[in-house]
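Engineer: Using the sequences and the hints, build the whole thing.
Here the sequence shown is numbered in this note's numbering, starting from 1 and rising by one per residue.
Keep in mind that the hints were calculated from the coordinates and are not lab data. Quick caveat, the model's predicted, so the values are computed rather than measured. Don't take each hint at face value.
Subject to a maximum C-alpha distance of 25 angstroms in a straight line, what follows is the list of computed DMTMM-like cross-link-like pairs (lysine to aspartate or glutamate) [claimed, not checked]:
| # | residue 1 | residue 2 |
| --- | --- | --- |
| 1 | Lys56 | Glu89 |
| 2 | Lys56 | Glu28 |
| 3 | Lys44 | Asp110 |
| 4 | Lys40 | Glu28 |
| 5 | Lys108 | Asp93 |
| 6 | Lys40 | Asp82 |
FRET-style restraints, in silico, Cβ to Cβ [unchecked claim]:
| # | residue 1 | residue 2 | range |
| --- | --- | --- | --- |
| 7 | Thr87 | Leu34 | 21 to 29 angstroms |
| 8 | Arg103 | Thr47 | 33 to 41 angstroms |
| 9 | Lys107 | Arg35 | 12 to 20 angstroms |
| 10 | Thr47 | Arg102 | 21 to 29 angstroms |
| 11 | Trp97 | Pro31 | 17 to 25 angstroms |
| 12 | Pro79 | Gly20 | 13 to 21 angstroms |
| 13 | Arg38 | Glu89 | 14 to 22 angstroms |
| 14 | Lys108 | Leu34 | 18 to 26 angstroms |
| 15 | Asp93 | His32 | 25 to 33 angstroms |
| 16 | Pro64 | Pro31 | 34 to 42 angstroms |
| 17 | Ser46 | Asp110 | 36 to 44 angstroms |
| 18 | Thr47 | Asp90 | 17 to 25 angstroms |
| 19 | Arg103 | His50 | 29 to 37 angstroms |
Don't be surprised by glycine CBs; every beta carbon is placed ideally from N, CA and C.
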Amino acid sequence: MRGDRPRTPKMERLRVHMSGFHSLFRVELGPHHLRPGRAKHRLKHSTGLHEFPPFKALEICTTPPPAGFYLLYEPETGPGTDTWHETLEDAFDQAEWEFGVRRDEWKKTDRPYS
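Structural biologist: Dropping the structure here:
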């Protein structure tokens with residue numbers, strides 16, 4: 001997280017929620033992937049809607065007990081975003097459609113998300 005901005009109560013709730021995430025798979029996006037991806041991700045705040053910087057990595061996480069899967073988008077700078085998927089297959093399919101990530105490119109992580 002960026003240290004130059006104070007944490008808001010909403011940011012703190014998100015940090016606590018994400019501390020229960022368990023990382024299953026991760027992939028670094030390279031020059032052969034679609035960048036930007038096929039979907040637009042935007043961040044809304046007081047100055048309006050802004051697109052995220054280019055994403056450099058994706059991570060698939062879940063929470064105990066498993067209640068779906070989160071595809072986390074890590075941008076080159078700043079905070080990222082995520083999409084929720086009912087199944088692990090759906091999360092893999094989203095990454096493949098959006099960025100062209102093949103199944104054999106994912107690295108198994110099996111660790112607490114950080």
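Engineer: Let me make sure I understand: some of the numbered hints might not hold for this structure. Which ones are they, in numerical order?
Structural biologist: 3, 10, 15, 18
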